[in-house]
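J.: Quick note, the sequences are listed as chains A and B, same order.
Going by UniProt numbering, the first residue of the first sequence is number 1, and it counts up by one from there.
Going by UniProt numbering, the first residue of the second sequence is number 1, and it counts up by one from there.
Treat the hints as calculated values from the structure; they're not laboratory data.
Mixed in with the good hints, there may be bad ones.
[Said to hold, decoys possible] Quick list of in silico lysine-lysine cross-link-like pairs, DSSO-like style, CA-CA up to 30 Å: (1) B:LYS425 with A:LYS344; (2) B:LYS284 with B:LYS344; (3) A:LYS425 with A:LYS292; (4) B:LYS469 with B:LYS542; (5) B:LYS377 with A:LYS111; (6) B:LYS128 with B:LYS377; (7) B:LYS88 with A:LYS377; (8) A:LYS399 with A:LYS470; (9) B:LYS344 with A:LYS292; (10) A:LYS78 with B:LYS88; (11) A:LYS344 with B:LYS128; (12) A:LYS399 with A:LYS186; (13) A:LYS88 with B:LYS542; (14) B:LYS377 with B:LYS425; (15) A:LYS111 with B:LYS292; (16) A:LYS436 with A:LYS498; (17) B:LYS498 with B:LYS425; (18) B:LYS399 with A:LYS284; (19) B:LYS128 with A:LYS88; (20) B:LYS436 with B:LYS461; (21) A:LYS111 with A:LYS186; (22) A:LYS292 with B:LYS88; (23) A:LYS344 with B:LYS399.
Protein chains: 2
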Amino acid sequence: MAEKEESNPAGAPPAPESGSAPAAEGGEEGAATTSKKAAKKAEAKAKKEAEKARKAAERAAAAAASGQGGGATEDLAKDNYGNVREGKKVQVSSEAAEISLKSLDESHVGKTVVLRAWIQNARQQGAKMAFVELREEGAWTIQGVLTASAEGAPVSRPMVKWVAGISPESFVVVEATVQKPLEPVKSCRVAQYELHVTKCFVLAAAPTVLGMTLAASNRAVTNFSDEEPQPDKSVEAAVEKLSVADPAATAIPAASMLTHLNNIVMHKRSPVQQAIADIRAEVKDLFRTYLKSHGFKEFEPPCLIGAASEGGANVFRLPYFDREACLAQSPQFYKQMEIAGGRKRVFSIGPVFRAELSNTPRHMTEFTGLDMEMEIKEDYREVIFMLEGALLHIFRGIKERCPTELELVRSVYPCEEFLLPEDGKEVRLTFAEAQKLLREEGPEEFRNVPDDEDMSTPQEKALGAVIRKKFGTDFYVIDRFPEGARPFYAKLSDEDPKVTNAYDFFMRGQEILSGGQRIHDPEELEARIRQKGIDPASPGIKEYVDVFRQAGCPAHGGGGIGLDRVVAWYLNLPSVQLAAFYPRTPKRLLP
Amino acid sequence: MAEKEESNPAGAPPAPESGSAPAAEGGEEGAATTSKKAAKKAEAKAKKEAEKARKAAERAAAAAASGQGGGATEDLAKDNYGNVREGKKVQVSSEAAEISLKSLDESHVGKTVVLRAWIQNARQQGAKMAFVELREEGAWTIQGVLTASAEGAPVSRPMVKWVAGISPESFVVVEATVQKPLEPVKSCRVAQYELHVTKCFVLAAAPTVLGMTLAASNRAVTNFSDEEPQPDKSVEAAVEKLSVADPAATAIPAASMLTHLNNIVMHKRSPVQQAIADIRAEVKDLFRTYLKSHGFKEFEPPCLIGAASEGGANVFRLPYFDREACLAQSPQFYKQMEIAGGRKRVFSIGPVFRAELSNTPRHMTEFTGLDMEMEIKEDYREVIFMLEGALLHIFRGIKERCPTELELVRSVYPCEEFLLPEDGKEVRLTFAEAQKLLREEGPEEFRNVPDDEDMSTPQEKALGAVIRKKFGTDFYVIDRFPEGARPFYAKLSDEDPKVTNAYDFFMRGQEILSGGQRIHDPEELEARIRQKGIDPASPGIKEYVDVFRQAGCPAHGGGGIGLDRVVAWYLNLPSVQLAAFYPRTPKRLLP
Numbered sequence: 001m002a003e004k005e006e007s008n009p010a011g012a013p014p015a016p017e018s019g020s021a022p023a024a025e026g027g028e029e030g031a032a033t034t035s036k037k038a039a040k041k042a043e044a045k046a047k048k049e050a051e052k053a054r055k056a057a058e059r060a061a062a063a064a065a066s067g068q069g070g071g072a073t074e075d076l077a078k079d080n081y082g083n084v085r086e087g088k089k090v091q092v093s094s095e096a097a098e099i100s101l102k103s104l105d106e107s108h109v110g111k112t113v114v115l116r117a118w119i120q121n122a123r124q125q126g127a128k129m130a131f132v133e134l135r136e137e138g139a140w141t142i143q144g145v146l147t148a149s150a151e152g153a154p155v156s157r158p159m160v161k162w163v164a165g166i167s168p169e170s171f172v173v174v175e176a177t178v179q180k181p182l183e184p185v186k187s188c189r190v191a192q193y194e195l196h197v198t199k200c201f202v203l204a205a206a207p208t209v210l211g212m213t214l215a216a217s218n219r220a221v222t223n224f225s226d227e228e229p230q231p232d233k234s235v236e237a238a239v240e241k242l243s244v245a246d247p248a249a250t251a252i253p254a255a256s257m258l259t260h261l262n263n264i265v266m267h268k269r270s271p272v273q274q275a276i277a278d279i280r281a282e283v284k285d286l287f288r289t290y291l292k293s294h295g296f297k298e299f300e301p302p303c304l305i306g307a308a309s310e311g312g313a314n315v316f317r318l319p320y321f322d323r324e325a326c327l328a329q330s331p332q333f334y335k336q337m338e339i340a341g342g343r344k345r346v347f348s349i350g351p352v353f354r355a356e357l358s359n360t361p362r363h364m365t366e367f368t369g370l371d372m373e374m375e376i377k378e379d380y381r382e383v384i385f386m387l388e389g390a391l392l393h394i395f396r397g398i399k400e401r402c403p404t405e406l407e408l409v410r411s412v413y414p415c416e417e418f419l420l421p422e423d424g425k426e427v428r429l430t431f432a433e434a435q436k437l438l439r440e441e442g443p444e445e446f447r448n449v450p451d452d453e454d455m456s457t458p459q460e461k462a463l464g465a466v467i468r469k470k471f472g473t474d475f476y477v478i479d480r481f482p483e484g485a486r487p488f489y490a491k492l493s494d495e496d497p498k499v500t501n502a503y504d505f506f507m508r509g510q511e512i513l514s515g516g517q518r519i520h521d522p523e524e525l526e527a528r529i530r531q532k533g534i535d536p537a538s539p540g541i542k543e544y545v546d547v548f549r550q551a552g553c554p555a556h557g558g559g560g561i562g563l564d565r566v567v568a569w570y571l572n573l574p575s576v577q578l579a580a581f582y583p584r585t586p587k588r589l590l591p
Numbered sequence: 001m002a003e004k005e006e007s008n009p010a011g012a013p014p015a016p017e018s019g020s021a022p023a024a025e026g027g028e029e030g031a032a033t034t035s036k037k038a039a040k041k042a043e044a045k046a047k048k049e050a051e052k053a054r055k056a057a058e059r060a061a062a063a064a065a066s067g068q069g070g071g072a073t074e075d076l077a078k079d080n081y082g083n084v085r086e087g088k089k090v091q092v093s094s095e096a097a098e099i100s101l102k103s104l105d106e107s108h109v110g111k112t113v114v115l116r117a118w119i120q121n122a123r124q125q126g127a128k129m130a131f132v133e134l135r136e137e138g139a140w141t142i143q144g145v146l147t148a149s150a151e152g153a154p155v156s157r158p159m160v161k162w163v164a165g166i167s168p169e170s171f172v173v174v175e176a177t178v179q180k181p182l183e184p185v186k187s188c189r190v191a192q193y194e195l196h197v198t199k200c201f202v203l204a205a206a207p208t209v210l211g212m213t214l215a216a217s218n219r220a221v222t223n224f225s226d227e228e229p230q231p232d233k234s235v236e237a238a239v240e241k242l243s244v245a246d247p248a249a250t251a252i253p254a255a256s257m258l259t260h261l262n263n264i265v266m267h268k269r270s271p272v273q274q275a276i277a278d279i280r281a282e283v284k285d286l287f288r289t290y291l292k293s294h295g296f297k298e299f300e301p302p303c304l305i306g307a308a309s310e311g312g313a314n315v316f317r318l319p320y321f322d323r324e325a326c327l328a329q330s331p332q333f334y335k336q337m338e339i340a341g342g343r344k345r346v347f348s349i350g351p352v353f354r355a356e357l358s359n360t361p362r363h364m365t366e367f368t369g370l371d372m373e374m375e376i377k378e379d380y381r382e383v384i385f386m387l388e389g390a391l392l393h394i395f396r397g398i399k400e401r402c403p404t405e406l407e408l409v410r411s412v413y414p415c416e417e418f419l420l421p422e423d424g425k426e427v428r429l430t431f432a433e434a435q436k437l438l439r440e441e442g443p444e445e446f447r448n449v450p451d452d453e454d455m456s457t458p459q460e461k462a463l464g465a466v467i468r469k470k471f472g473t474d475f476y477v478i479d480r481f482p483e484g485a486r487p488f489y490a491k492l493s494d495e496d497p498k499v500t501n502a503y504d505f506f507m508r509g510q511e512i513l514s515g516g517q518r519i520h521d522p523e524e525l526e527a528r529i530r531q532k533g534i535d536p537a538s539p540g541i542k543e544y545v546d547v548f549r550q551a552g553c554p555a556h557g558g559g560g561i562g563l564d565r566v567v568a569w570y571l572n573l574p575s576v577q578l579a580a581f582y583p584r585t586p587k588r589l590l591p
């Protein structure tokens, strides 16, 4: 067990001090940009104060054990607060309505209510008052007030002191009366009401020192290094510099992605991560509902497959009883089987796996694919229009459904508005047109890009900038990729066999979708396989072609969207890892 | 390449014979139960006739090559039919509306329309007429009629002959006029209209001999053996017995699951499998919408994990760069992290993996989990009620949304109605009550079942029968499993520490859901881990407990539902494999 937990067990009683120390960071989420120096100083300060708090907690515990907890007189409020871990029985009114902050309204004013929430911040003011910030899912916060009465009940001075000392991020249940504050409480999302707390029980205590504070968790992550940080060194450096006067010393230091993942609970509690997760869920829902309304059926492709798709590069392989299995890199083959199997239009939403040793902002080893495939009646552009429609529906839908979440994310990760094309002015360039544009209007270094080779990432980004400037959109389609840049199953253009009926979609100059028309005629497919220098009898290939021999399969095409990329690039996050629930990278399988 | 495809390439021209042979099975889906003998006979007969058809096709192709295809005179309809593979250009009216059979109505009568569909059956009647059954997704069929006119256009005698010879399961486009038939066409789902076909082009030809006919694919699968069938032997046996007169000789033989999987395209085209897939999609949708309407948020747990969950039995392991990864057996840990991370209620729908060497009707190595987890306010039964509500919503929803699909499935897999409890009369027994019931009202062999050991599968099934008889329901909950039958994370009952706050849900006597309240206090959790004889420092365990130390986590519980089981047991299918899109078993990774 780690040293940290040993010295600060999660079950320790909350510090019965004034509470200003461990809670200090709660009120300062909106603080100005922090210099590195200030960050280190703040970290050191926090550690110092936390240590102070811990010692105070020990003193208090000792005092409580010797029967001198709240002073010499009897505490008339003693049944109204406490920690259930220490055997305290929760006694809240069974008649009081249990509220959620999101739905609090005028009808609650003057009523006694019950709320289960996290203590985001607690502080004492004088001997008789305490303020607590209570938080529910989705950054809903409200101010709670405790005032010790002259009679010592329902709230006593010891109770005020005890509640003010609850460690931030402890989970509590309170009984309170809803009141309108004299002035709106600007620091809380629920500004028009406050809770006059009469009972408060800790249901699950947080440690007195958190691995990462909520305020830190809500700062922009910029460090995605695989290297474990050296926390001791930075603390030492911060302590060294503590004497230097610096007005930003109380600002909150940003944590690295590794610190976030090592403190997954606090990572997930941060308002910005909850907002990103909510936006991600909406993207999925918008994709699903759009396709369903256009006659698509959802299906589930397998993850475990018998033979490597697409030739076997970057595939995870595993022992599977008496044979070997692979993890699917794409559901494409299975989408095609659904079409051959009599479905007109299908989609799937699920994990796909790539064993790429890439540590870039756009790669993960496991990510969520939004995939679709459809029968083509006359022209493969039917598929482009459908995918374009789905993505525009998603972009417009996020803006409409998630204004608060977008604002919150942008307050942490500022970015330029994601520009969309006007209706009917969607930007669809052929690969050759795109290369021409890059040659003519892109940076010097790309003056000679050819039309028959795939684009590099820097070329793609440069093209994105040119298109944004010229057409005023961050979303566009590049169509008709050269034959050499696409796999054997890509259908060649009837008009020009040097190009394929295949396309990529881009957001802010980065690829988010790859797709195209597939060859559905088994003879044509086999001929292309031979042209590409692949043996049609090789494992995986034979099974693929044979599916189209089983019975007549309609012309079809589709595409696969990387959900993590759509979310990350729409929000202009510095890495797809921030859009994922549990990012998987070559060095990281936990949590 | 297999012999079969060599001799019958998918691109061969359709047989220009009367077409009665390869198409014969199309009209007999509803045929009576087949004896094994009859099945074999029919198979032999089909093979014989297919061979006849193949030879005829060869003769026709030779005739066509020598310029004597449709007779000596010019075919005035020659531009109105043909196979695109042979360079025939599709010429259908660009003004004619493209229809789907599902939405055909009175407004179409007399109009010229275009339809893309599969040829389910084609036959010639006399020299001038042909009938084709055209099928779209979801078993929508319509009768098409071709009549050669005296002028030889738009339909000629050669055209009638050619269309009647199209191999079943070829994909075609037709231009036709919608007409009302003299009598409803009982053999087709669209009985009130028929299509008077004037043009017909084969877009993708099926082989003249299918690996499995549509009619065979729509028969009940009863053989789930891992052994590859010995097709030659059974054909020989059938041929031997062909002389025996048997009225059922033309009935369609049922195929084994292996034959279905080896002919995945035809498996998926069968009306019964499409109906099962549609019902499955609705189950997912009903689960999702119910939980969303109750404040649950969807999230995505990872499949690749760093340490084996639940101690490491039955886990798939794989090399992951410089370390080892496992495939998640359950998203439980990640659901709990979402709760610890500030979500009140979460759900996920995705693949889970079990490396069990089990070949039973209820096991697959990869299946879809419907998982949920929620904060518990007062009592863990809040979770039971939520899960029960979700499942009842699903059962009622299927009945309401899928009457046609249910009827179709039941015509192939007959079963007793799935009985539901009346509102307010849900059956929830404690484990002890269930064991008592089994002792008192179950079969003789279970007269001594104890209260502190988990139930066996035969016990569960016997209990299901007792409960159906006594309470009139096929859906019920068994609660408070004994301590010894549940893992370390199961919360013990406050009232009786010999039992847990954990439950299983059952359908027709088979488990479909397992869940319970989890211990959220890290000290209590660690104590339980020690009591269970597990080292709290072991990999996976330590990381699990540490999550609850990071910050205060609310009480919570949840459950995981096996989607494949819900679908299979509701429909009383003989195996979960029939409910899956691509079943994965120890012997089977393809397709």
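J.: Next, verify each hint and record whether it holds.
T.: Hints, verified against the model:
Restraint check for B:LYS425 and A:LYS344: the C-alpha separation of about 43 Å exceeds 30 Å, so the hint is violated. With a CA separation close to 21 Å, the supplied pair B:LYS284 and B:LYS344 stays within the 30 Å bound. Between A:LYS425 and A:LYS292, the direct Cα distance comes to roughly 25 Å. Compliance with the 30 Å bound is thereby established for this hinted pair. Between B:LYS469 and B:LYS542, the direct Cα distance comes to roughly 47 Å. Violation of the 30 Å bound is thereby established for this hinted pair.
Taken as a hint, the B:LYS377 and A:LYS111 pair is honoured in the structure, with Cα atoms around 20 Å apart against an allowance of 30 Å. Pair hint B:LYS128 plus B:LYS377 does not hold up; C-alpha atoms about 76 Å apart against a cutoff of 30 Å. For the proposed pair B:LYS88 and A:LYS377, the alpha carbon gap of about 16 Å is at most 30 Å, so the pair holds. Distance hint between A:LYS399 and A:LYS470 is fulfilled; the C-alpha atoms sit about 24 Å from each other, no more than 30 Å.
The suggested pairing of B:LYS344 with A:LYS292 holds, with an alpha-carbon distance near 29 Å, which does not exceed 30 Å. Distance check on the hinted pair: A:LYS78 and B:LYS88 sit about 91 Å apart at the alpha-carbon level, beyond 30 Å; violated. Between A:LYS344 and B:LYS128 the alpha-carbon distance is near 33 Å, which puts this suggested pair outside the 30 Å criterion. At most 30 Å may separate the alpha-carbon atoms for a hinted pair to count; A:LYS399 and A:LYS186 meet this at roughly 25 Å.
Restraint check: the Cα-Cα separation between A:LYS88 and B:LYS542 comes to about 28 Å, which is no more than 30 Å; the hinted pair holds. A C-alpha spacing of about 24 Å is found between B:LYS377 and B:LYS425, which places the hinted pair at or below 30 Å, so the restraint holds. For a cut-off of 30 Å, the pair hint linking A:LYS111 to B:LYS292 stands: about 29 Å separates their Cα positions. Taken as a hint, the A:LYS436 and A:LYS498 pair is honoured in the structure, with Cα atoms around 17 Å apart against an allowance of 30 Å.
Distance check on the hinted pair: B:LYS498 and B:LYS425 sit about 27 Å apart at the alpha-carbon level, within 30 Å; holds. For the given pair, B:LYS399 sits about 27 Å from A:LYS284 by alpha-carbon distance, which is consistent with the 30 Å threshold. Taken as a hint, the B:LYS128 and A:LYS88 pair is broken in the structure, with Cα atoms around 92 Å apart against an allowance of 30 Å. For the hint pairing B:LYS436 with B:LYS461, the CA-to-CA distance comes to about 15 Å; that is within 30 Å, so the pair holds.
With a CA separation close to 23 Å, the supplied pair A:LYS111 and A:LYS186 stays within the 30 Å bound. The straight-line distance between the Cα atoms of A:LYS292 and B:LYS88 is roughly 35 Å, outside the 30 Å bound, and the hint therefore fails. The straight-line distance between the Cα atoms of A:LYS344 and B:LYS399 is roughly 25 Å, inside the 30 Å bound, and the hint therefore holds.
Of the numbered hints listed earlier, those contradicted by the structure are 1, 4, 6, 10, 11, 19 and 22.
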